[in-house]
Amino acid sequence: MSTNLQLNAEGKLKHFLSIEGLDKTLLTEILDTAESFIGMNDQQIKKVPLLRGKTIVNLFFENSTRTRTTFELAAKRLSADVLSMSIATSSTSKGESLLDTIRNLEAMYVDMFVVRHGISGAAHFIAQQTAPHISVINAGDGQHAHPTQAMLDMFTIRQVKRDFAALRVAIIGDILHSRVARSQIQALNTLGVAEIRVIAPKTLLPAHVEKLGVTVCHDLPNGLQDIDVIIMLRLQKERMTSALLPSESEYFRCFGLTEQKLKIAKPDAMVMHPGPINRGVEIDSKVADGAQSVILKQVSNGIAVRMAIMAMAMQKQGRVA
Amino acid sequence: MHVIIENGRIIDPANQLDCVANLYLADGKIAAVTNPPDGFQADMRLDASGQIVCPGFIDLSTRLREPGQSRKATFKSEVIAAASSGVTTLCLQPDTSPVIDTPAVAELIKELANKAGYRQILPIAALTRKLEGNELSSMLALKQAGCIAVSNAGAPVTNLLILRRAMEYAASHDLLLIFRPNDYWLGNKGCAHEGAIATRYGLPGIPDAAETIALAHCLELAELTGCRVHFGQLSCKRSVIKIQQAQKYGLAVSADVAIHQLHLTENDMIPFDSAYHVLPPLRTEADKQFLRQGLASGTINCICSDHQPHDVDAKLGAFPETEPGISSLETLLPLTLKLVEQHAIDLQQAIAALSQHPADILRLNKGALTPGLPADICVFDPEREWQVNPSTWKSQGCNTPYWQHTLKGRVTHTLQAGKLIYRLHEPA
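Those protein sequence lines, which keep their order, are chains A and B. In this text, residue positions in the first sequence follow the working numbering: the first is 1, and each later residue adds one. In this text, residue positions in the second sequence follow the working numbering: the first is 1, and each later residue adds one.
Keep in mind the hints are simulated off the structure, nothing from the lab. Ideal placement from N, C-alpha and C gives every residue a C-beta, glycine not left out. Be aware that a few hints might be false.
As the list claims (entries may be wrong) - No farther apart than 20 Å at their CA atoms in a straight line, the calculated lysine to any residue pairs in the SDA-like style are these:
no.	chain 1	residue 1	chain 2	residue 2
1	B	Lys-189	A	Ala-243
2	B	Lys-189	A	Leu-244
3	B	Lys-237	A	His-208
Claimed, not checked - Label pairs and their calculated CB-CB ranges:
no.	chain 1	residue 1	chain 2	residue 2	range
4	B	Gln-387	A	Gln-128	18 to 26 Å
5	B	Asp-43	A	Ala-131	53 to 61 Å
6	B	Gly-50	A	Ala-131	46 to 54 Å
7	A	His-133	B	Gly-50	47 to 55 Å
8	B	Asp-346	A	Ala-9	43 to 51 Å
9	B	Gln-404	A	Ala-9	18 to 26 Å
10	B	Ala-286	A	Arg-162	41 to 49 Å
Construct all of the structure, not just a fragment, from the sequences and the given hints.
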């Protein structure tokens with residue numbers, strides 16, 4: 001079902017909701033397309049006319065700075081008209097009002113929705129309900145998926161490591177609540193890495209996490225052995241108040257990435273983080289700002305990768321000149 | 001009024017009857033099977049050849065949405081759905097608005113039932129006031145107003161001391177507690193079975209333990225208080241094992257399962273199909289198989305519809321935000337017959353699970369074709385296929401995952417106290 005929903009009759013990208021259901025060829029096509037945009041960042045005129053005359057609405061039901069900004073920049077560099085809306089969600093706003101919001105915007109002849117929502121499945125729901133000519137890009141839904149983040153991470157990994165096949169990747173931290181981790185795991189498995197290891201205490205791992213195609217480890221030093229790519233996840237402060245962890249300091253002691261622990265991984269291991277980082281909670285500043293860190297590179301790559309995804313989702317409907 | 005139902009295959013598990021014969025009804029009661037009583041003159045003859053004649057079904061858990069939510073469904077709409085499904089007695093969960101916690105609400109329900117022309121709607125009283133789990137409801141007054149049992153519906157009684165006292169009080173008045181086990185805190189406001197599927201889709205999960213721990217608490221309290229307990233809508237393997245052990249140990253407890261739990265699993269909602277959003281959640285294939293075995297062995301001896309009609313908006317949204325429940329009266333019989341076709345249970349067991357056993361649990365003088373009992377009868381064609389679509393659907397709630405499915409088994413006549421309340425009008 002998710003496959004059908006995301007692809008048009010010719011098997012081309014229509015919506016981008018989740019990595020699930022997309023094959024290696026398509027993911028590679030996204031990475032290659034992004035590659036062609038990456039050079040633009042250094043040019044005087046950072047624009048191409050691919051989506052000229054198209055209207056893209058950034059629909060953010062949840063706060064975000066980086067994701068929203070990079071989506072906005074990506075759309076502008078494709079010459080689209082962009083409208084960014086931050087819609088504060090309250091516990092009373094239910095499906096009806098979500099649908100009403102969508103219907104109202106549809107009536108204004110938009111071509112694409114970029115959606116961030118706090119509830120898993122929101123982007124699927126919008127894609128199912130919206131008019132057939134509109135593309136939906138998931139910019140993060142609940143704890144389900146954040147596929148553009150995963151793709152920019154894949155792009156960054158490929159930039160540094162060239163090939164996925166031999167890589168051992170560790171994802172460290174709050175897997176339970178992380179849509180980023182779920183999308184990364186699906187993307188890494190589709191692209192065919194050697195191993196994905198999730199490292200976290202049991203309280204931060206979802207039930208049957210191994211069925212996502214990962215190996216599980218509860219100890220950071222052990223888990224970092226032979227690792228090529230280290231992905232740190234953000235730890236939200238509320239995890240302490242909901243009895244998932246005793247304290248930030250204990251978490252840092254067990255699962256925080258320090259220079260010393262980094263040495264356990266392969267010497268050329270790269271350190272990633274989807275941001276925003278909590279210095280001294282999941283990662284030490286020296287590592288975050290160190291030579292092995294690609295955290296800022298991830299942010300710049302975000303623009304090119306999101307341009308690629310938006311352009312592909314529009315192009316494959318034959319609506320791009 | 002004298003009625004003959006002719007040449008049907010009569011299945012009456014309570015009397016271990018399975019034969020082709022005539023059934024005679026007089027003055028709203030069963031008069032005789034096979035041989036007519038002396039001087040019997042029929043006012044109405046119903047031809048049941050090729051069909052099954054059995055006791056009308058007794059549904060232990062339904063929501064008809066009145067009072068309080070008539071935009072979702074009304075007594076009027078839902079009793080037609082019930083009658084067309086062979087259901088002649090409906091037990092109404094107390095989570096109406098207002099809650100069934102005063103005799104006035106129970107009276108109102110009786111009135112609504114009479115207005116809808118369906119006399120067998122049995123309200124279940126709230127166990128605690130407003131279902132809040134803090135204070136006892138006026139159980140005796142509610143019993144006297146016609147409530148058949150007490151229950152806290154889906155709402156938790158988190159304080160076990162209050163649950164103990166409520167059970168003691170219910171036991172003092174010989175009231176049955178119908179208990180859907182669900183530990184509020186372990187449930188953690190989840191919307192799907194805590195397992196591989198919920199993990200993949202980032203859905204908040206409800207572990208089995210939310211059910212089994214609440215079940216274990218209640219079993220202990222059943223022994224301590226002597227309260228009669230019936231467990232409603234079990235969803236997982238270890239619940240069945242716990243009930244089995246308790247029964248073996250000699251505790252007089254019974255259990256039912258909602259029909260959809262016997263056919264659907266967590267895999268069916270992939271990726272976010274709100275039609276499959278139910279509570280307790282659909283669990284794994286192993287759980288489903290074990291529930292079927294529990295039914296076959298008699299550990300679970302009733303099947304209920306757990307009918308929960310909704311308006312369209314309730315199911316429109318991102319999965320966790322949609323409302324749980326299936327409009328399931330009309331698929332109850334065909335899906336039960338499917339269990340027979342799949343050799344999970346036999347036909348006698350299937351019919352007993354829908355009639356005799358619920359009657360026994362509620363201590364109702366029905367659920368059998370014994371002469372003298374009220375003539376609540378269902379006549380159905382077990383081979384007749386029909387499609388679930390707007391032209392065949394009666395419930396106001398269109399929230400069924402079986403939309404457009406072709407199902408086998410169709411009710412042709414339903415009688416309630418000898419009165420024909422439904423007759424199928426489609427050509428064969």
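Right, here's what the structure says about each hint:
A threshold of 20 Å between alpha carbons decides the hint, and for Lys-189/B with Ala-243/A the separation of about 16 Å falls inside it, so the pair holds. The suggested pairing of Lys-189/B with Leu-244/A holds, with an alpha-carbon distance near 16 Å, which does not exceed 20 Å. Under the criterion of a C-alpha separation no larger than 20 Å, the hint pairing Lys-237/B with His-208/A is consistent with the structure, at around 18 Å. Distance hint for Gln-387/B and Gln-128/A: a CB-CB separation of about 23 Å, consistent with the stated range 18 to 26 Å.
About 59 Å separates the C-beta atoms of Asp-43/B and Ala-131/A, a value consistent with the hinted range of 53 to 61 Å. Under the hint 46 to 54 Å, the C-beta atoms of Gly-50/B and Ala-131/A, about 50 Å apart, fit the expected range. For His-133/A paired with Gly-50/B, a C-beta distance near 53 Å keeps the hint of 47 to 55 Å intact. For the pair Asp-346/B and Ala-9/A, the beta carbons lie near 47 Å from each other, so the given range of 43 to 51 Å is met.
Take Gln-404/B and Ala-9/A: their Cβ atoms lie about 22 Å apart, and the range 18 to 26 Å holds. At about 44 Å, the CB distance of Ala-286/B to Arg-162/A agrees with the hint of 41 to 49 Å.
Comparing the model with each numbered hint stated earlier shows that all of them hold.
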